[in-house]
Structure formats: structure tokens, C-alpha cells
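J.: Using numbering that gives the first Met the number 0, the letters of the sequence shown map in sequence onto residues 0 to 92.
Hints are computed from structural coordinates only; laboratory data are not their basis.
Do not rely on the hints blindly, as some may be mistaken.
Unchecked claim - Below 20 Å or equal to it, Euclidean Cα-Cα: the simulated EDC-like pairs (lysine to aspartate or glutamate) are: (1) K82 x E6; (2) K62 x E30; (3) K83 x E72; (4) K58 x E27; (5) K28 x D89; (6) K67 x E33; (7) K70 x D21.
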Amino acid sequence: MSITTQELTDVIAELFTKLDKDASGALEKAEVHEIAVAIHSKVGEGKDFNEEMFEEAFKRLDKNGDGKISKEELTNFFLAGAKKRGLLSDATE
Numbered sequence: 000m001s002i003t004t005q006e007l008t009d010v011i012a013e014l015f016t017k018l019d020k021d022a023s024g025a026l027e028k029a030e031v032h033e034i035a036v037a038i039h040s041k042v043g044e045g046k047d048f049n050e051e052m053f054e055e056a057f058k059r060l061d062k063n064g065d066g067k068i069s070k071e072e073l074t075n076f077f078l079a080g081a082k083k084r085g086l087l088s089d090a091t092e
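Put together the whole structure using the sequences plus the hints.
T.: Have a look at this one:
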């Protein structure tokens, strides 16, 4: 499976808009936490939600340290991951 950078960027933009419940233009930590807990409840196999892992992951996403995830930060995170895994059809090395 491969996807172009533009296609992935478009998907992320649509996802970001749906996740940004208050339409502030950023995903606040509480919004991201709520999403993470909800996902974990579906796939966590009965394990407790790991707050420490959440904090670490949030810090990795929040590059500027403002306590929010911008659309740019989210896009860069997913593009870097897709490129690293060889999923972008238009990525150059």
C-alpha cells in the first residue's frame, strides 16, 4: 500500500477538523487524551490506560511545547511515520 504526500495530508486535514471539537485550530491536551482513552478502551485488551505513555507521546507530537497539537504538528508526525515506513509513493530519499 502506498499513498501520496498530498493524499495523506488531505486525510490528516479532514481528521484534524473532526477531532478539533471546539474548532480552535488546535487539539488541546484534554481533547487528545479523550481520544486516546476512547481508542484504548476499544483496543486495550483490558489493560489500564498508561498515562505515562500518553504524556510521552503527547510531548513527541507537541513539538513547540505549547500544550496543543497543531494541524502542522499532526501532519508532520504522520508524514514522517509514513515516509519512514516507505508508504509514501512520492517520497524521495
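J.: Each hint needs a verdict: does it hold in this structure or not?
T.: Verification of the hints:
no.: 1; hint: K82 x E6; verdict: holds (13 Å)
no.: 2; hint: K62 x E30; verdict: holds (17 Å)
no.: 3; hint: K83 x E72; verdict: holds (16 Å)
no.: 4; hint: K58 x E27; verdict: holds (12 Å)
no.: 5; hint: K28 x D89; verdict: violated (32 Å)
no.: 6; hint: K67 x E33; verdict: holds (14 Å)
no.: 7; hint: K70 x D21; verdict: holds (14 Å)
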